[in-house]
Each structure stands twice: as structure tokens, then as C-alpha cells.
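The residues making up each chain are set out below.
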Amino acid sequence: AQSVTQLDSHVSVSEGTPVLLRCNYSSSYSPSLFWYVQHPNKGLQLLLKYTSAATLVKGINGFEAEFKKSETSFHLTKPSAHMSDAAEYFCVVRGNKLTFGTGTQLKVEL
Amino acid sequence: DAMVIQNPRYQVTQFGKPVTLSCSQTLNHNVMYWYQQKSSQAPKLLFHYYDKDFNNEADTPDNFQSRRPNTSFCFLDIRSPGLGDAAMYLCATSRADAESDTQYFGPGTRLTVL
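As they're listed, the protein sequences go chains R and D.
Residue numbering for the first sequence follows this note's numbering, beginning at 1 and increasing consecutively.
Residue numbering for the second sequence follows this note's numbering, beginning at 111 and increasing consecutively.
Watch out, some of these pointers could steer you wrong.
Keeping only pairs whose Cα atoms sit at most 27 Å apart, straight-line, the calculated DSS-like set for lysine-lysine is [stated by the list, open to error]:
1. R:58 - R:68
2. R:107 - D:162
3. R:107 - D:154
4. R:97 - D:162
5. D:127 - R:49
6. D:154 - R:42
7. D:148 - R:42
8. D:148 - R:97
9. R:97 - D:127
10. R:42 - R:58
11. R:42 - R:68
12. R:42 - D:127
13. R:49 - D:148
14. R:42 - R:97
15. R:69 - R:97
16. R:49 - R:68
No lab work stands behind these hints: they were computed from the structure.
Values in this document were obtained by computation on a predicted structure and should not be read as measured data.
Please put together the full structure from these sequences, using the hints given.
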């Protein structure tokens, strides 16, 4: 069985500072991993995905994530937060279906 | 430019009154999914269609049904909505059902049950 754990339910940063959203996964083999973002009352938008190619994955809006097998992690980062990044972020592992983490609410303050 | 479209965006129904939510896609994807997302929770898969083949999740209540008349459209029918069915309903599509296939989500329909 596969699972993901998002280590922080809430993260707060100042605009212009780096963002780190943490995700650990559990899988018996090399998984497919995704990060989705959800703005209030909106659907989920794909930020990026990892499917056993390059371990550093670049996504949209300046986000990237690094797959680290030794640490079973897939943390999401962005060098400089923008107010529009405030949203809920889901780390997802794909097996026979998507397994979602519990989400991290990102707050960006002026 | 819209790829996965859901109508309506907001739906209000009465307790016990059947309701149908609609999803359409312009991606020509084989697989269509319906998820339920309650407030402050992760989405939960209800069922999916691979072409015409329907796949129900084991814990999806019988109150929830689905139809897929053609490749582009998929409907979610709630036969007798209860207060606990108030949620955001998300439709998603993917090219196939392999692990590497990305799921693309629609904007969702927010269902309120009075």
C-alpha cells in the first residue's frame, strides 16, 4: 500500500521569502508523485509530477520539487513566495488510484 | 481553452431531492473520475469510468450513481441527498489508468443540501 504524509498542516511565510512544503511518501517501489494546488472554491491544478525521470522536477509558477529516495521525500519549494501562492497544497502518490496527503494550507503575508 | 468543465459550479438542493452534476472534457481522455471533497479534507474517490467500464470504490454509498453516455460527458447522480452529502464534487480525467498518467481536474461543483 502507498501513502503520503504532509508534515505541516499550515505554513506561513512572508512575501518574497522561500517556501518549503514537506511531503514524505511510502511505497514498495518507485512511485509516481504529484503536487496539486487548490485555491479557495476551485478545483485542483497540477503543479508538477515525478515519474522516475529527473529527480529535480520543475513545475509551474516557479515551484519545484526534489525526489529523494534515500529520505522517501518529495518536498515542494519556491525561492520567493507571492501573495497569489496562498492556497491548499496536496502531495499525491499514484498507485492503482491517487492517494492524497491531508494538505498543507499556505499563508503568505505582506 | 477549458479542458474539464463542470456544471453547475454551485448547486443547491433539498434533503432527499435527486440531483445531477455534470462533467465534460475536451481532452478525449479514456478515464473519467468523480471525487467528493468535504471541507478541509482531501478529495475522496467515489468511482471512475475507463471508457464504458464502471469502477465503483468499495465504500461509495449506493446513493451515488454515475453515467457516461459518451467519451466527453460523465454525470454524477445523487438519488436522495442527505445533509452529509454537502461537499465539493470534483471531476477529473486521465488519458489512461497507468501510474504515470496525470489526472486533470475540473473546477468542481459545490453542493449545498438544505
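Hints versus structure:
1. With a C-alpha separation of about 15 Å, the suggested pairing of residue 58 of chain R with residue 68 of chain R holds against the 27 Å cut-off.
2. In summary, the hint linking residue 107 of chain R to residue 162 of chain D is not supported, as the alpha carbons are separated by about 42 Å, beyond the 27 Å threshold.
3. Only pairs whose Cα atoms come within 27 Å are accepted, and residue 107 of chain R paired with residue 154 of chain D is accepted, the gap being roughly 24 Å.
4. Among the hinted pairs, residue 97 of chain R with residue 162 of chain D is consistent with the structure: their alpha-carbon atoms are about 18 Å apart, no more than 27 Å.
5. A threshold of 27 Å between alpha carbons decides the hint, and for residue 127 of chain D with residue 49 of chain R the separation of about 40 Å lies outside it, so the pair is violated.
6. A distance of roughly 16 Å separates the Cα atoms of residue 154 of chain D and residue 42 of chain R; the hinted pair therefore holds under the 27 Å criterion.
7. The hinted pair formed by residue 148 of chain D and residue 42 of chain R meets the criterion: a straight-line CA distance of about 13 Å does not exceed 27 Å.
8. Pair hint residue 148 of chain D plus residue 97 of chain R holds up; C-alpha atoms about 19 Å apart against a cutoff of 27 Å.
9. A distance of roughly 31 Å separates the Cα atoms of residue 97 of chain R and residue 127 of chain D; the hinted pair therefore is violated under the 27 Å criterion.
10. Note on residue 42 of chain R and residue 58 of chain R: the hinted pairing holds, with a Cα-Cα distance of about 23 Å set against a maximum of 27 Å.
11. A threshold of 27 Å between alpha carbons decides the hint, and for residue 42 of chain R with residue 68 of chain R the separation of about 30 Å lies outside it, so the pair is violated.
12. The hinted pair formed by residue 42 of chain R and residue 127 of chain D meets the criterion: a straight-line CA distance of about 25 Å does not exceed 27 Å.
13. Taking the CA atoms of residue 49 of chain R and residue 148 of chain D, the gap is about 25 Å. The hint holds against a cut of 27 Å.
14. For the proposed pair residue 42 of chain R and residue 97 of chain R, the alpha carbon gap of about 22 Å is at most 27 Å, so the pair holds.
15. With a C-alpha separation of about 21 Å, the suggested pair residue 69 of chain R and residue 97 of chain R falls inside the 27 Å cut-off, and the hint holds.
16. Distance check on the hinted pair: residue 49 of chain R and residue 68 of chain R sit about 14 Å apart at the alpha-carbon level, within 27 Å; holds.
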